[in-house]
Amino acid sequence: MLKNEEIFEDGNGDSDQKVKQRFSDRPSKKVSQTKEILSKQAVQTKVILSKQAGKIAKQAEEHERFIDKVTHLLGVLAFGAFCFILGSRPQDIPYVYCLFYFTFVPLRWIYYRFKKCHYYLLDFCYYANTIFLVMLLFYPRNKKLFMVCFSFAEGPLAWALIVWRCSLVFSSVDKFVTVLIHLLPGIVFFTIRWWGPATFEAMHPEGTSHRASWPYVEEKSYLWTWLFVVPLVAYTLWQVLYFLIVNVLRRQRLELSKKARKANNLWWRLSGLLGDQNRMFMYILLQATFTVATMALTVPIFLSYEMHAIFQILKVSATIWNGGSFLLEVMPRQVILKEKKKLEMQPLPTPSDQAKPVVEDTTETDHSS
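UniProt numbering puts the first residue of the sequence shown at 1, with every later residue one more than the last.
Hints in this document: simulated from the structure, not taken from any laboratory. Accuracy of the hints is not assured; some may be wrong.
[To be verified] The following label-pair restraints were derived from C-beta to C-beta distances: (1) Tyr95 <-> Leu314: 21 to 27 Å; (2) Lys116 <-> Lys143: 38 to 44 Å; (3) Tyr95 <-> Leu74: 16 to 22 Å; (4) Arg141 <-> Met331: 41 to 47 Å.
All of these numbers come straight from a predicted model, not from anything done at the bench. Built from N, CA and C at the ideal position, the CB exists for glycine as well.
Please take these sequences and the hints and turn them into a complete structure.
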């Protein structure tokens, strides 16, 4: 009995081990099978995506070209409508500017936020445009605030169009908005100072040959105080805040310097005259020199209608010239680079694809023989 029990127990032990092995092998087999299925699906997905990549790229190009055409059309129509309003109803130009600000500045913030370069919205041009908006909506007859805004608009903002080579390109929303942000404020304050109906009524008495202007200022100390000293103090305040936010609190200087290096513009080249370690000092020095010089030039522009009108023509001509240079010189190079990238991205023909024409040629020779 004992032997039979031992044999029975041994048999049960062997069977239990086999059962355990079967159950332990099942999950491993299932895992391997699922891995194989997933790998096959991944390969199939890659093949499908590679086949559809060309079609998607062509559709994207077609949509991009169509959007560029629509943008060009709307840009030309908008600029033409603005010129019409400027000639027929110059007193409405400030309202056009406010509409532009409330429409495109929030959209630009969304776009820059998506591109991860929203710290550009801390630049001086947006700081100044916000002050312009406050002045036009809440303090439209404040002479001192008007002169400060005039210095900003016809000083650093206006000359930035020429120094930074802003381009009036109607097919590019980004370039078009950049030009208007720097160009519109000067035109607004030009119309308020020289072309406003209220200005003509109040400052053009009969029998005088002097041109009407608002505000009417004769004291040179008053002019230099509100066209140069006070705007320079306001600019210095912005520069300190910008440095604290970008360089100290958020530490975005390295990211912005990378984008400036990629752009390789005039300021980047000049700031490197004393080496990379002194770029920050050189940039602050150059920016301060630029600001002081351009704000000082606003005093003679403020006093002379002829000089102010010529300056408006100079700004518009510079942006149009830069836009033509972009369309005729830069854009063709961009198109060539896109075509090169397309050729590089196209898959090379496989040996089976290369062998197919050879087979067709042999069959044709057989038929001809």
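Could you tell me which of the hints above the structure violates, numbers in ascending order?
none
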